[in-house]
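Please take these sequences and the hints and turn them into a complete structure.
In the order they appear, the protein sequences are chains U and F.
Using the working numbering, the first residue of the first sequence is number 1, and each one after it goes up by one.
Using the working numbering, the first residue of the second sequence is number 1001, and each one after it goes up by one.
Worth flagging that the hints you see were computed from the coordinates, not collected in a lab.
Note that this is a predicted model, so its numbers are computed, not measured.
Just so you know, even glycine gets a beta-carbon here, dropped at the ideal spot from N, CA and C.
The list that follows gives simulated cross-link-like pairs (lysine-lysine, DSS-like), each with its CA atoms no further than 25 Å apart:
#, chain 1, residue 1, chain 2, residue 2
1, F, K1155, F, K1071
2, U, K269, U, K283
3, U, K12, U, K268
4, F, K1155, F, K1107
5, F, K1021, U, K80
6, F, K1071, U, K190
7, U, K142, U, K155
8, U, K268, U, K410
9, U, K190, F, K1021
10, U, K12, U, K39
11, U, K313, U, K409
12, F, K1149, F, K1101
13, F, K1107, U, K363
14, U, K313, U, K240
15, F, K1021, U, K142
16, F, K1021, U, K155
Per the computed footprint, the stretches of chain F lying under chain U, defined by three or more beta-carbons under 8 Å from a beta-carbon of chain U, are:
#, region
17, 1083 to 1090
18, 1119 to 1130
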Amino acid sequence: MADLVSHPDEVKVVSKRFGKGATNLDRYLELDGYKAVQKALAMGPDAIINEVKNSGLRGRGGAGFSTGMKWSFVPKQSPKPKYVLCNGDESEPGTCKDRLIFEHDPHAVIEGVVIAGLSVGSHVGYIYVRGEYRYLSEIMQKAIRDAYARGFLGKNIFGSGYDFDVYWHGGAGAYEVGEESALMESLEGKRGIPRIRPPFPAVVGLWGGPTIINNAETLANVPHIIMGGAEWYAGLGPPKNGGTRLFCLSGHLSRPGVYELPMGYNLKKMIYEVAGGIPNGRKLKAVVPGGASTPVLTADEVDVGMDFDSLAKAGSMLGSGGVVVLDDATCMVKFALRTIKFYQHESCGWCIPCREGTDWLKKTLARFHAGAGLKKDIDNIYYLAENMLGRTFCPLGDAAAMPTMAFVKKFRKEFEDHLEGKPCPYEPLGRTMELPVLAH
Amino acid sequence: MRFSEQFEQRFTEMLGHYPTKRSVLVPTLLYAQDEAGFLSDEIIHEIAGRLDLTDLEVRNVISYYSMLTTKPRGKYNVQVCTNIACMLRGGEELLEHCSKKLGIGHKGTTADGLFSLEEVECIGACSWAPAVQVNYDFHENLTTVKMDKILDGYKSKV
Chain U
1 MADLVSHPDE
11 VKVVSKRFGK
21 GATNLDRYLE
31 LDGYKAVQKA
41 LAMGPDAIIN
51 EVKNSGLRGR
61 GGAGFSTGMK
71 WSFVPKQSPK
81 PKYVLCNGDE
91 SEPGTCKDRL
101 IFEHDPHAVI
111 EGVVIAGLSV
121 GSHVGYIYVR
131 GEYRYLSEIM
141 QKAIRDAYAR
151 GFLGKNIFGS
161 GYDFDVYWHG
171 GAGAYEVGEE
181 SALMESLEGK
191 RGIPRIRPPF
201 PAVVGLWGGP
211 TIINNAETLA
221 NVPHIIMGGA
231 EWYAGLGPPK
241 NGGTRLFCLS
251 GHLSRPGVYE
261 LPMGYNLKKM
271 IYEVAGGIPN
281 GRKLKAVVPG
291 GASTPVLTAD
301 EVDVGMDFDS
311 LAKAGSMLGS
321 GGVVVLDDAT
331 CMVKFALRTI
341 KFYQHESCGW
351 CIPCREGTDW
361 LKKTLARFHA
371 GAGLKKDIDN
381 IYYLAENMLG
391 RTFCPLGDAA
401 AMPTMAFVKK
411 FRKEFEDHLE
421 GKPCPYEPLG
431 RTMELPVLAH
Chain F
1001 MRFSEQFEQR
1011 FTEMLGHYPT
1021 KRSVLVPTLL
1031 YAQDEAGFLS
1041 DEIIHEIAGR
1051 LDLTDLEVRN
1061 VISYYSMLTT
1071 KPRGKYNVQV
1081 CTNIACMLRG
1091 GEELLEHCSK
1101 KLGIGHKGTT
1111 ADGLFSLEEV
1121 ECIGACSWAP
1131 AVQVNYDFHE
1141 NLTTVKMDKI
1151 LDGYKSKV
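Okay, here's the thing in structure tokens:
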């Protein structure tokens, strides 16, 4: 469905089988499929966890937590069943990578789930695919059925005496469900409202049992780590940022697309060389480096390595790998408004700072963009966002607050340009007018 | 209320996947909606009964998920993404174009019941923006000209 792109700088690990027909099980086996799971069966739990820990693999969903470490938190003994949950509810604006994995290499996700299960002594895994991805859920269901038919799943997998079941699960439209605790609620058939932590899912998760929750891209990396070894994988990126990433390049670019590049790859190079630069003779204004929730970088800040630690140092986050590029004709107030409109729509309403905060930010920004901003509102927007930080059950509140603060801080002048009834300097006034214009 | 054989098969199979009945609720509601067009009182009551839930508990879940609806929609639900990546490449203009062409606004349905229009949040097609989903089909790298062809294509399917 979605077009594939390529560039000589790519290092293909997760995307190695893209476009090679690997949804077909026989083809997948030809391409070294299901070897990792057999190797993992022979390795045993501790060796698997150590390998993944040493590989420097960090969560590809956004938080960037060490995957091996996460697995090691699951108690060895548990009176309740343990579960593996693959998060394929991809919905962070700017992110479209898990989609390609499900489309081109569904068995790699299954393998990742089984290996994660082996590492903690679990016997059941669920693969949650967002509801909009119906065609992918069908690909995944077929892949699971095919794996069962060969004895790769179910009782006594690969004749090892170990039982492991994998099931698919579908969502029905909710960004919030991509958050791990809301994901569990959704899988249990409820509204996707976050749970308070601790206890963390590794101890109390699905139906009260210890649960490993990993992003689909994270799990699709695992078989490659088992086969290639921790040292090789870690060496692909800078220290503590092992491997590669599927970077989803979008926005004002000549060659947008999903490219697999080593961790730490320079952002400037990514924009100008890999994705062909900014079209229409325009210049770069800003980049959202890791999905809508990550703080924006200005054109002067793009000479930075795209890995978790370098971006943290630059005051942003690597997030989910969604790189959204903005040219100099983009109105940052409008962009901030569209971003907050999303979070306001997706806030589940459980925590007041997020429910009310996103709503007031949206209203204030809408008024601002309509040309009726008050000078004091610029600080109010920042203050309101700042007060949402860390005051909610789940990170949606932070996800809305962090980019908003960065927009105000780094593009204050554009907010000032909208004051005193001045029309938006970047486009005709009134496009997104949603509120009556207030008197000063 | 009668569902298709495929629905029943899948429903029975899914019940075996989880330790609690209720876990099948979200995907089951979506599959039921696919068959009936929307989640009527009758469907809600039927599914609640099967899963030992009250109608209210099911409604509670429906109201949370953006794809689920208790109101009838057109045969083809045109979902235009205007989130950041699509917005930068003309998603809003595309929405406006669809709105003019179909003569309906956000969540409106044409008089002949053929099309509904919806402004949606990110559908995961950012690198191929602007993008639209018609029911479950993705259409990407769109222009208004391509969009017209797509809409005409659905029209001629009937």
